[in-house]
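Protein chains in written order, with this note's numbering: chain V, 81 to 397; chain P, 280 to 541.
I should point out that these hints are in silico values taken from the structure, not numbers from a laboratory. The C-beta atom is built at its ideal place from N, Cα and C for all residues, glycine as well. There may be inaccurate statements among the hints.
As the list claims (entries may be wrong) - Just the calculated beta-carbon pair ranges, DEER-fashion: (1) P:Phe415 x V:Pro97: 52 to 60 Å; (2) P:Trp462 x V:Gly298: 40 to 48 Å; (3) P:Gln457 x V:Ser102: 21 to 29 Å.
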Amino acid sequence: MSDVIAQATGLVKTYPPRDKRSAPFTAVDGIDFALHRGEAFGFLGPNGAGKSSTMRMIACVSPPTAGTLRVLGMDPAVDGRRIRARLGVVPQDDALDSELSVRENLLIYGRYFGLSTRLIDERATRLLDFAQLSDKAGERVEALSGGMRRRLTIARSLVNEPELLLLDEPTTGLDPQARHVLWDRLFRLKQQGVTLVLTTHYMDEAEQLCDRLVVMDGGRIVAHGSPAELIAAHATREVLELRFGIGEQAAALDKLRQAVSGDRIEELPDRLLWYTGEGDAALAAAHALGLTPVTALVRRSSLEDVFLALTGRTLVD
Amino acid sequence: MATSAVSRGMALRFYRYCWLHYRRNWKGTIVISVANPLLFLIAIGAGLGTLVGSDVAALGGVSYLAFFAPGMLAAASMQNGMIESAFPVSYHRMPGRAYPVAVATPLEPVDVLNGHALFMAVKVAIGAAAFCAVMFAFGVATSPLAALTLPAAALTGFAFAMPVTAWAVTLPDVRPVQTLFKWVVMPLYLFSGTFFATTQLPEAAQHLVALTPLWHGVELCRTLTLGTATWAGSLTHTGYLSAMALAGYLLARRNFRRHLHP
Numbered sequence: 081m082s083d084v085i086a087q088a089t090g091l092v093k094t095y096p097p098r099d100k101r102s103a104p105f106t107a108v109d110g111i112d113f114a115l116h117r118g119e120a121f122g123f124l125g126p127n128g129a130g131k132s133s134t135m136r137m138i139a140c141v142s143p144p145t146a147g148t149l150r151v152l153g154m155d156p157a158v159d160g161r162r163i164r165a166r167l168g169v170v171p172q173d174d175a176l177d178s179e180l181s182v183r184e185n186l187l188i189y190g191r192y193f194g195l196s197t198r199l200i201d202e203r204a205t206r207l208l209d210f211a212q213l214s215d216k217a218g219e220r221v222e223a224l225s226g227g228m229r230r231r232l233t234i235a236r237s238l239v240n241e242p243e244l245l246l247l248d249e250p251t252t253g254l255d256p257q258a259r260h261v262l263w264d265r266l267f268r269l270k271q272q273g274v275t276l277v278l279t280t281h282y283m284d285e286a287e288q289l290c291d292r293l294v295v296m297d298g299g300r301i302v303a304h305g306s307p308a309e310l311i312a313a314h315a316t317r318e319v320l321e322l323r324f325g326i327g328e329q330a331a332a333l334d335k336l337r338q339a340v341s342g343d344r345i346e347e348l349p350d351r352l353l354w355y356t357g358e359g360d361a362a363l364a365a366a367h368a369l370g371l372t373p374v375t376a377l378v379r380r381s382s383l384e385d386v387f388l389a390l391t392g393r394t395l396v397d
Numbered sequence: 280m281a282t283s284a285v286s287r288g289m290a291l292r293f294y295r296y297c298w299l300h301y302r303r304n305w306k307g308t309i310v311i312s313v314a315n316p317l318l319f320l321i322a323i324g325a326g327l328g329t330l331v332g333s334d335v336a337a338l339g340g341v342s343y344l345a346f347f348a349p350g351m352l353a354a355a356s357m358q359n360g361m362i363e364s365a366f367p368v369s370y371h372r373m374p375g376r377a378y379p380v381a382v383a384t385p386l387e388p389v390d391v392l393n394g395h396a397l398f399m400a401v402k403v404a405i406g407a408a409a410f411c412a413v414m415f416a417f418g419v420a421t422s423p424l425a426a427l428t429l430p431a432a433a434l435t436g437f438a439f440a441m442p443v444t445a446w447a448v449t450l451p452d453v454r455p456v457q458t459l460f461k462w463v464v465m466p467l468y469l470f471s472g473t474f475f476a477t478t479q480l481p482e483a484a485q486h487l488v489a490l491t492p493l494w495h496g497v498e499l500c501r502t503l504t505l506g507t508a509t510w511a512g513s514l515t516h517t518g519y520l521s522a523m524a525l526a527g528y529l530l531a532r533r534n535f536r537r538h539l540h541p
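For reference, chain P alone in the conformation it holds in the complex (with noise of 0.2 Å):
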């Protein structure tokens, strides 16, 4: 108890360094992180899907702004979670860098992860925050239960941040991120039913569909956000996703050890 009690002191300390670091850097990310997902929300939802009838029946009766939004704001997620992990991570983790200066302190491979995860985890919230604002302001919640989409869409884009720090701590450098960025985030983008329902696709697509993650995301955020939500779906769509926060974050705890204090 005495030790974990440390460590929870130790992992805030690289929390506050993070702080700081980001006050020198927020321009750059905002823009990526919020105003992005905000304008395709704008462009696509309420532009582009003026011209897609609210009679639709996979879009399930809704209009398509209010179909797109929550899906938006699940993909918006999972790339907030992978930008907050993979480029930041793959870089302090150099000679020199952040990650190991902290652990040539009293600091713990561990406390690092711990800190920095926390510091993913309240800017994944923060930019969910951000645009379940303006999706409420669109007037697309239509149920009490929407108010659960934020730790939804909070828990989408940490369960894909901790995998990819546990990837990200063993890069010699940051050439590979750009290839997870190009071969898996944009598929899972554009195909998890972010922009149109999965029903329309193949049976057999929409199986294999089912299983990638941000398919759960998605339909998590969505049906809290349209309040068709069912105890059964959800309770699948959130163990999914803690499962992988879970892995993640227990194979990052090994690699931080083992590429830290190597």
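Just chain V, with the same shape it has in the complex (with noise of 0.2 Å):
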């Protein structure tokens, strides 16, 4: 058990009504979870999932309406300042004052954790050094690209050395290059020992850097394991994706469903996705059949595949 750094049982998150009429919202809808030290853990599914929610209240900025939560050992109900000392937070949107500098940001923040500007500063050369910030540091922030800001804000949470970093959609709206340097950085930390909890709705994002994973959706935690495990329950090994031309693919459907029994066929808008152990014999399979598809891709199956399977749904609309 001391290996727990974070554990809810029961946790549910309901938001009281915007107004007079609307009903009050559930975001987060009784979730069971325990997470360990030094593990990289995520939190995978589509907008809306309750992610966010979640990660607020192991931030111990969000109260939850039921269940248990413990955090560090603590309830954030009771602790929240003893266990916000000892987070790391890395929000979506960033939040720098953009209008001050690289290192005046650093400053402020190690200051709201009591640490003496000195000390602050000597962490600052070192983490600007990791974020591969240092010859920005008397920028201001407005001046940084967005790869940049990602960056020196996972600096910001790293200035009081927390155990638990906590990090909501960390790649949103960055370009690869920029993405493949942030996930450098973070399995650098996780190296170093850090526990990194995430959210994420790229599963590329959670088999690159999840020891171990959940998957959410309407609020309910749907699937756990690590990413191959969830791959080998829910997957099959490999995928032949097929894109028919315009008003072809319905009438495909039709022909393969009479075709093939035993393998998962799933409809995508824009092509059909026919999972089974050999690609390459289920493509020659379709070709048997008279079938002539304006592309076909055999690949082994992703956590994509898992949430399809799992919810009828893709990840990202």
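Once you've looked at the hints, go ahead and assemble the two chains, each given alone in its own frame, into the complex.
Now the structure itself:
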């Protein structure tokens, strides 16, 4: 038990109605989880699944409506201040003061934790180096690119040397290169023993970073395990993606469903997904049926497929 | 006791942030909070005011400048109290801005409120001090009681700042703030006895004006500056303004918690 850093049982978050006509909204509907020290844990799900509300409760900035929650062995309702002193938080919207300089943003944040100016200065030098922002220390934040801002937010979240780092959608809105730089930094943190908890609706991100994850949908946890376990349990080894000409998809789907038994075939607006152990063999079978897809792609199953299998929907609309 | 000491220290952390942020923004606000009221004082009080005879009974036997200056001080303090609260609070409470950032650290919403309220009080006092310095340089103060005008003006500004803070933290955007200045600040500014004695109004209107907070601020500042203050009057005005500040503060405590730790 000593390695559990955060634990929830029957956790519920209901927001009061916005006005007299609307109803209360339950964002998190009774979830259980246990986060272990040193691991990278992910909450995967589409927008509105309840990931951010869960993160806000762990971050002790939103009191749970029901259920029990313990973070660092303490109750957020009683010891919110003390828990937050040992957390690092990377919000989705960066939340930097764009009129202040890079270094001033770290200074202000460090002061919130009661650190001396000298200590903050020492750590800032090290953290800016880690975030690859040393040459930007004196610049105003408004002059930074999106990727730099996100790295600065991560540097800032480390100023109190947190035991638990919470990242809400850490690479949303970043270009592919900036995402890879960020993943590399997060991977280094993990190797240094920092516990990472992140939300994401990108399955590649979850596969890259997470040791374990839960899939959330509609405020509930619908599956949990390592990325490999989830894929093994909820998807086949390979997927054959077939795209057809305009208006031909429905007829092709009928034909496949009549001819193929046992394998699951999903229909998306722009393509069919054929879940199979052997993608190449399936493609040959499709050709043998007289089907002529415009494009055909055989790939390994991903968490996207797990999500589709569990909810019947894609993660990113 | 230990808890409140911790909370005070936390509040000062946010207060220091306010100053650092202000260092980057002071140029925009110093004109409206300090220069504008002084220009009004000179243009209306010392300029237009010379057209008004000092024998006008409603002015209580003093020059128009001496009558107008303390009224303008109270009105400017009200405006400063509103400017220091309405815009910054509704700005800082947005996602990604200073309030949500601070309440994710050891600071609680009430610490953020206390730190920001302290900053507002200091800013309102600085504005009032600048105005008092010029007002006294014009030689309008005729009584030792005038020394109390500065805290009276600061209280007037703070009494407006607190309820507005409680309201602004609930706003999803800053647009309602414009409405506040158009429909609340402007009428109070014009009809609370700043520019003319309210005894010149019809009796029913006089009673109505006496219920509004700026009138109490104007009366308090004016009677102290001119040395005509009475214990009963001053205590009433001070009590009214203090109650308004306290009620606003208590409401703000509740609203900060509800909106920053939802």
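Hint check:
{"no.": "1", "hint": "P:Phe415 x V:Pro97: 52 to 60 Å", "verdict": "holds (54 Å)"}
{"no.": "2", "hint": "P:Trp462 x V:Gly298: 40 to 48 Å", "verdict": "holds (44 Å)"}
{"no.": "3", "hint": "P:Gln457 x V:Ser102: 21 to 29 Å", "verdict": "holds (26 Å)"}
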